[in-house]
Amino acid sequence: MRLDSHFYQRDVLDVAPALLGKTLVRMFEKGNEIRVTITEVEAYRGTDDLGCHASKGLTQRNRVMFSHGGMVYVYLIYGMYWMFNVVTSVENDPQAVLVRGVTGANGPGKLTRLLAIDKTFYGEDLSTSNRIWIEESGLKPSFVTKPRIGIDYAGHYWSKVPWRFIMNS
DNA sequence: GGGACGATTGAA
DNA sequence: TCAATCGTCCCA
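In the working numbering, the protein residues as written are 416 to 584.
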């Protein structure tokens, strides 16, 4: 069963670990689909979080983070990789979950390539989209937490907050 | 208008 | 350890 908008409209620190074990579905034309399990995520939480894009205020790139939970935030990194994020919380509380790993693809750049996710998914609504959504799986996996990756610039505190959630396999 | 850099990856 | 590769952001 598809997760509805209420699932996403909670604090990112609740939604991020809750996404572990859920099924990410990518539907293509002709009815072909790819179904994977989310195995690793990171939480980015509001304007105070110096690792979060929203810490620089509202910009053209991050504006969807200021929308309500359930929207897709996609952006290009290093000129060649699309990052897939799920917006959480309510309007004007910019939070998002970066999906870093799924079954069959470890790494945020690799999973978007596997699932053919690009800039055209920016602003897509996971509760209504006919080409991407997330489903309940019944799994309640245990997990470990670690500091987030690749944000050393965020300073001693924010670069070490254990907001990376990794499912135990 | 220009320059520095990034929530990465894969090869050397 | 390091190059690939380009949109975004910040300063002028």
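Some clues are possibly wrong.
What the hints assert, rightly or not - Calculated pairs, DSBU-like style, for lysine-lysine (alpha carbon to alpha carbon, straight line, at most 35 Å):
(1) K471 to K525
(2) K561 to K575
(3) K555 to K575
The set of hints was computed from the structure by calculation and includes no laboratory data.
Item checked: Proposed proximity, K525 with K471 (alpha carbon, max 35 Å) -> It holds: about 27 Å lies between the C-alpha atoms, which stays within 35 Å.
Notebook entry, point to check: Within a Cα-Cα threshold of 35 Å, do K561 and K575 meet the stated pairing?
Noted result: At roughly 8 Å apart (the allowed maximum being 35 Å), K575 and K561 satisfy the hint.
Check: Would the pair K555 and K575 pass a check requiring their Cα atoms to be no farther apart than 35 Å?
Finding: It holds: about 26 Å lies between the C-alpha atoms, which stays within 35 Å.
Every hint from the earlier list agrees with this structure, and none is contradicted.
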